[in-house]
Amino acid sequence: MTLFGDPAVWLPLAFALLLGVSILVYVILDGFDLGVGVLFPFAEDDEKDRMIASIGPFWDANETWLVLAVGILLVAFPTAHGAILTALYLPVAIMLIGLILRGVAFEFRAKAPAPHKATWNMVFYFGSMMTSLSQGYMLGLYIMGLEITPFTLLFASVTAIALTVAYSFIGATWLILKTDGALQEKAVAWSRSGLWGVIIGLGTVSLASPLVSPRIFEKWFAMPEFFLLLPLPLMSAALIALLWLALKRLPTSDDSWSWFPFAATIVLFVLGYFGMAYSFYPFVVPDQLTIYEAASAPESLFIIFIGTCFVLPMILGYTALAYTVFRGKATSLSYE
Amino acid sequence: MDTLILSRIQFGANISFHILFPTITIALGWVLLFFKLRFSRTGDEKWVEAYRFWVKIFALSFAMGVVSGITMSFQFGTNWPGFMESVGNIAGPLLAYEVMTAFFLEAVFLGIMLFGMSKVPGWLHTLATFLVAFGTTMSAFWILVLNSWMHTPAGFEMRDGVAYATDWFAIIFNPSMPIRMTHMLLASGLTVAFLLAGISAFRWLIGDRSAGVRATIKTGLTMAALLIPIQIFAGDLHGLNTLEHQPQKIAAMEGNWETQSNVPLILFGIPNEELRTTDYTVEIPNMASIILKHSADGVVPGLNDFVTDDGTVQHPPVAPVFYAFRIMVGTGFAMLFLSWAAVFFMARKRRGVEGLPKPMLYALVPMAFSGWVATLAGWYTTEIGRQPWLVQGVLSTEAAVADVASPMVLTTLIAYLTVYAVLLAAYIGVLFYLARKAANGERLGPRVPVAQQAPVVAAE
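Same order as they appear, the protein sequences are chains A and B. With the working numbering as the guide, the letters of the first sequence map in order to residues 43 to 378. With the working numbering as the guide, the letters of the second sequence map in order to residues 11 to 470.
These are calculated hints, taken from the structure and not from any lab test. Treat each hint with caution, since some may be false.
As the list claims (entries may be wrong) - Some but not every residue of chain B turned toward chain A, in silico, with C-beta under 7 Å: (1) 109; (2) 170; (3) 171; (4) 440.
What the hints assert, rightly or not - Output of the computed footprint for chain A on chain B, the stretches with three or more beta carbons under 8 Å from beta carbons of chain A: (5) 65 to 71; (6) 259 to 270.
Ideal placement from N, C-alpha and C gives every residue a C-beta, glycine not left out.
Isolated chain B, as found in the complex (with noise of 0.2 Å):
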């Protein structure tokens, strides 16, 4: 395999194995804030339950991030010095807004929210988990900006191949940005939901009866029931802005190969790029249609609208953009059905989590990831249906990689790989055994509050 490819495929597993703790941090950090609000509020001691044992998930989490977001930082010198020398005028500063006003404002507090509580008088600890929740939202918020700006680059001009700011509101507010925000907070908003009620719905299949666990369980389910109509929503709003500023990549997403009216809606299929069409589809009538111009006839762009006349193909890979799509939509539909089953279950009767069907309990289970998947799948179909470009109509992939030896990428990329799979095992694993153990520390002594801080572990 050539140096481009073994890059791209580099670059793709670094940030997706970093994307997964940001999407938890972002909205865990505003959840934990909610946890001890409610307990200022009410002091119920379930709350100070719920944050003692979601707080460690939150730094494990955060660590995860910040190392894996350093190898980030690196790479785009290491294997892809073209994008800063062509597009670096506009990343730059967006980058370093980025550290300054947000890596900076995380990373000090979270020191004080962690290891604090008993240092700080109450209220500088709750400003230290707003600094930390709001640091993270502004990470996102930067690198969303950056990211929109790749696909939608506006505010800008070219010169010697080098690309100039000529105005900033323009290049923050690109035309993607307020929706591929929006969509990615609701993302992690999802993502962190179904890990509460999952990783929650585990303790009490388990025997965890407390109130601890009821409480975050229906913040989970009550949370994921209320975002996920927003999210798909949003989703839509999404498409509809990419249908506008880049075609190919909703093309590729429909397996639409020809510019044409009434076009159906496949919901199953095998694009062919061989032969340029897609096989074996499943699909509705006239559905892709009316989804993307609202009416039957409505004319859908095809990706042959994408080859120049000597054959140069300019549209993304079709496979990948087409699968990653329907994956995320399928779980999508997945949270919705679950959750809204769940928050009808926990109403009836005021049965509140007793009245969860044991197979939903189960169900929740594996769903804690579902943010994971759902999240990637959407990421791919984005990144990949941006291609052949780095930055849409600017900078190709290919013009801006580096000139490193493959065989050097060869073998970083599988000493990459092979660390965030033992760490993704890892961290999986250590979610459940802390789930294990705060259960049985619960079942142990429920009325004696010693036991439960019997083993004293430095640096916990």
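The following block holds chain A by itself, in its conformation from the complex (with noise of 0.2 Å):
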């Protein structure tokens, strides 16, 4: 154990970087199919089986990643943990809800009678909403410290739509890339006006964090880090612009560049997360406790190293493997 110098430093900043990655990809996988329950009120209803279609086998694991995320900050950051979860109660009650409903609706709407089908469409909708939601009210109180103000509140409330509009955008790039014909120039239409409010999003919560916050102000605005970090604002800015003179173009005749948006989205999605991640290292609750601090016992921590290590490349192997049996356009699901 002591391969690496002390354990009770690199596990815990092991742990970190998995706790970091598995939000991440959370947020991506999770996030663009969301996204598409979020557009869902947006579709004629052949649509919609086709919307579902495009997510119907990859949902279930995207969602194993929040469960990994929430189960490596129980984990290895249980003071943390407590600490989180307890103060985001009630948005965390509203949020397990939503997926408690949404997960369900794909099933129902699909098996009950036909004339049930429209109300579980519905609930699919208000399942992701909920869901959506509540993670960007959580991401902006959390970026507030936890703290509960009207100020906080309100910026809560922003963060929450902002998550939202991002979460329908990378699902209508998926769309893009998954669909075809009409449909597929609607998921253009919706990306070019979710755009707009990625804009708005990301600049609100770039702006906001390091105003609310004199050390995360102190992190960016330092010589020489300002200079190394103005490649992420400044990728970022490129990307948008790439992404909307994309959209201006797409749907291409031989649908060539349709993987465009959504690769382009992740992208960003990466960009923006690692700034976050960067604006609150070291701590797990921002200004309160360091991930040191919260860590588990390291002989704990080490035992789930271990399996982690072996682990997390079966898991990536065989969820690339999903994706490659289910690439290409999305067909109607079945059974046969």
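Assembling the complex is the task here: the two chains are given apart, and the hints tell you how they should meet.
Next comes the structure, spelled out in structure tokens:
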């Protein structure tokens, strides 16, 4: 265990990285299928079946990344888990009910008697909205250091909407990749309007974080960090410009570049996420608890770490297999 | 009501709702694999028919299990932060291994199992089905390891109120794990056996005479008749294990207040916690001593041993444990009687399903959910029987609860209960709707294969 030096130092860091990666993967993967749910009311009934078909084989595994993330928080940083989740008691409950509703609506809308289908479609939409909004709300409160004041609540409401728009945007770009014809054209139109929301959302969070927290301001605007970090906002701006150009030209006649908006959005999410992670490191509960203070006993973390080294590559491997099996345009799902 | 009791009700409600679905999917995954393998072996279409029908119920149950399971993982933090703060070093790795070795496996391969039949080679689809079944079982393994450890903790030491692992082998194979695991997996098998038999009996009663229905009634009843005696035996062993490690739980199950010899087996009675007696008992003399100590004058511990000198009660509330235990045992014997009688009627003159008397078919329909009743009653017995401890002798339930305002817990509790009630009704409704649809589909065109595929529903 002394291989990399003091395990009380590197293990919490390794688990913080793992936690960060899990949340990021979750936000991207469940982000697109939540986003598809948020877009539901804008689609016609037969298009809804196709939209569901595009996420059907994936959503369950996508949500497992949330379980992994909260699991790592739980096992690696137990005190932080308690502090964060009790502070976010109500939004967590709303998110959970949202996840329950949309998860079961997937099944019920296809299996319940036909007249009930419209109801389950509504349930799917509301569940997706509840989940996205409450996640954005929690993100806002987290940025604000989990304090409850009228201002932080207002900020959290803004991030709630911003994250929901971001999810619907990545959902729309997923649909551009996975569909064709009229639905694909619609998805391009949704992406065009969504892009504005993404710009506003990213801008708000990026500007507000350093303004409300002197510590974050210090981390970004000290020299030479400022210049080292400069590529981050510049690359984001360039990606947004490219997305804007691409969305003006899509869909192309031979469906070329239909992958581009989704891929670019993933990179955008990664960049934004990296910025946020940089702002908060080394805290796991903002300005209160660092990852080193909150970590479990090194012995227990080491047991999990060994397992992770074996299992995580396997998880990534068969996740890749699933995305390969269901590559290409989404067709209607069937058990046959 | 205070935060503690509301939080307990909330966790109890969530986990009760949750366990209904894994109980089905753990065994149903293996049954689906069985159907698939039977088909590749015999080429008989009835196995495909059975697979196609039951995979829908599997998918629905799986979704219900996944979403209610996510809720559990969050509630450790929102309602019970003391649990992880105190025993997180033990519980953490076990939960982590569950997520990593089980959740991802089942979730990823579920997509291929459900929707990949025409997209991947046959062997890969069978492998995916196997991995989903294996994943659900692994998930049960890890969670039962943790649960058993909470009943019979081992392999750790306490330092400043925090548990540290000293021996992982002792933690995983703690004294009650092997028998609890066996008891729960058998419970899952029985739940699915009666679900298969019950839903298929319903189809039969509304006129479905397809080969698939015959196959699933037979599979279900045979499975039930084979598993139930093993389960009763395993349950007895579990009881002896509990007597050794948690005697106060056994005392509550038996409604026995005084430590004494020649203890009768109380079949029915009303435990009275005020006067500390069990009233209106119907009992078999010496039987509890015989079951628990294998001799009529065996000494069986009583509840009064678990009250400290200053009057603090260190044993569980008696009535819920006492009643829940009787419901579980009663359901178990109903299962035994029904499944053996049914197998007898089917074997007589080799008449198969036709040999089943009509009242028996009617009885099988509500018994479709007998596994749920027995499983829940069993879990209430063991979990309430552990009170006032969360981790036996290590952490009290009261010490682990979050300091959340009780109106907040009440609000979320009501919300959860409403959602669960609606979903449970929808779930059962859809089971019977699917059964009716399948039955009608067969009757409309038994020899026209096209008619079966008429309603093409996306994402089915």
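Taking the hints in turn, this is what the structure says about them:
1. Contact between residue 109 (chain B) and chain A, as hinted, is supported at the beta carbon level, the nearest pair being about 5 Å apart and thus within 7 Å.
2. For residue 170 (chain B), the interface hint is violated, the least distance from its beta-carbon to any beta-carbon of chain A being 12 Å, above 7 Å.
3. At about 13 Å, the closest approach between the beta carbon of residue 171 (chain B) and any beta carbon in chain A exceeds 7 Å, and the interface hint on this residue is violated.
4. Hint status for residue 440 (chain B): holds, given a least beta-carbon distance of 5 Å to chain A, under 7 Å.
5. A count of 4 residues in the region 65 to 71 of chain B with a Cβ less than 8 Å from any Cβ of chain A is obtained; the coverage claim is therefore met, three being the minimum.
6. Only residues whose beta carbon comes within less than 8 Å of a beta carbon in chain A count, and the region 259 to 270 of chain B has 0; fewer than three means the coverage is violated.
Hint violations for this structure: numbers 2, 3 and 6, all remaining hints satisfied.
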